[in-house]
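Asker: This is what each chain is made of:
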Amino acid sequence: MATTTATITLTSGDLTSDALALSTTATFTNAGGSNGLIGTTGLGRKKLASGHAQYVLFDGDAYANGAHKVYLKNTSTTAAEYFTIEINSEQMGKLYAGDWCLFPWEANADTNDIKIDPSADDMVLEYMLFIDE
Amino acid sequence: MATTTASLTLSSSDLTSDALSISATSTLYKAGTTIGLDQVTGLTRKVYATAQSNATLISAASYTDDTHNRIYIKNVGTSSTDYFTIELGGSNIVIGRLYGGDWLFIPYEGEQDIDISSSATDMELEYMVIYQA
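As they're listed, the protein sequences go chains A and B. The first sequence begins at 1 in my numbering and counts up one residue at a time. The second sequence begins at 1001 in my numbering and counts up one residue at a time.
Since the hints were derived computationally from the structure, they do not count as laboratory data. Take the hints with a grain of salt, since some may be wrong.
[Said to hold, decoys possible] Simulated crosslink set (SDA-like; lysine to any residue; CA at most 20 Å straight-line):
hint, chain 1, residue 1, chain 2, residue 2
1, A, Lys47, A, Asp59
2, A, Lys46, B, Ile1022
3, B, Lys1030, A, Ala80
Owing to the predicted nature of the structure, the values given are computational and were not obtained by experimental measurement.
Sequences are here, hints too, so could you generate the full structure?
Answerer: Okay, here's the thing in C-alpha cells:
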C-alpha cells in the first residue's frame, strides 16, 4: 500500500472583501476502505492535433469500478487554447492554457470513457491516473 | 478583475520507485482570456440529514452557457465508507465518488447541472463555484 496525497490551495486577496485562503489535503484510498491506491499510469504527456476529436484518454472498459483519481493539465501557454473534457460523452468543461483539474473517476460503466478534444493542433496534455486496483 | 490562484501538490514517496512530486498552479481566468474570474458563490456547506438521490447541487440555470468556471467540492466527513456520488447532466453521468476527506476541482461550462447522491444519512459537503458572469 502506498501513501499519496493531493493538496489544493485556493487563494485570492481581492475576489471578495474577505481574503480567500482555502487549503485541504486528501489521501488517495481505495473505494470504501483505507488502503492507499497502489496503481498508476505514471505522469504522461500526449500531443494531439485538432483532428483528434474525442480522443479516448482513459477507457472505462479497461478499469474496474473504483475510486480512481484523474489529474489533467493543459500545458499550453496560449490563452485561447483549450481541451474539452468529456465523461461518457457528456461535456464536463474546458481546460484552458495552464489549467489543471483533479477529480474522482468511478469507471462505473464500460462507456464511462474520459475523452479529450483539443481546440488547436499540437496541443499537449499532461495526465496521470491513480488506479484503485 | 480579481486574481485567484489554484495550486495543487501531488506527492508520494512510495507509489512508485521514483518519488512523486507534482506541483501545478493556475490563475483562474475567464474563457480564452487573461482576465480573472470575479464572481463566487462563497464556500458553502450543505448538510444532508437524509440520503440523497440525484439532488441538484449546482444548477446550470444559475450560470451563463459556455463560460469557464471552476468547481470545488469536498466531502467533509471522515468516514471511509460514506460517499457522495458526483453526477453530470440530465442523464446523471457519474463522474466519481468523494469519500470522507476527498475533494475535486474541475472546470465547468455552466451548461449541465451537477447533481449529487449520498450513501448515508447525516452527510456534509462543502462546495464553491468561482465563475464568470
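Asker: Compare the structure with each hint and give your call.
Answerer: Going down the list of hints, with the structure as the test:
Between lysine 47 of chain A and aspartate 59 of chain A, the direct Cα distance comes to roughly 18 Å. Compliance with the 20 Å bound is thereby established for this hinted pair. Taking the CA atoms of lysine 46 of chain A and isoleucine 1022 of chain B, the gap is near 17 Å; set against the 20 Å cutoff, the hint holds. Only pairs whose Cα atoms come within 20 Å are accepted, and lysine 1030 of chain B paired with alanine 80 of chain A is accepted, the gap being roughly 10 Å.
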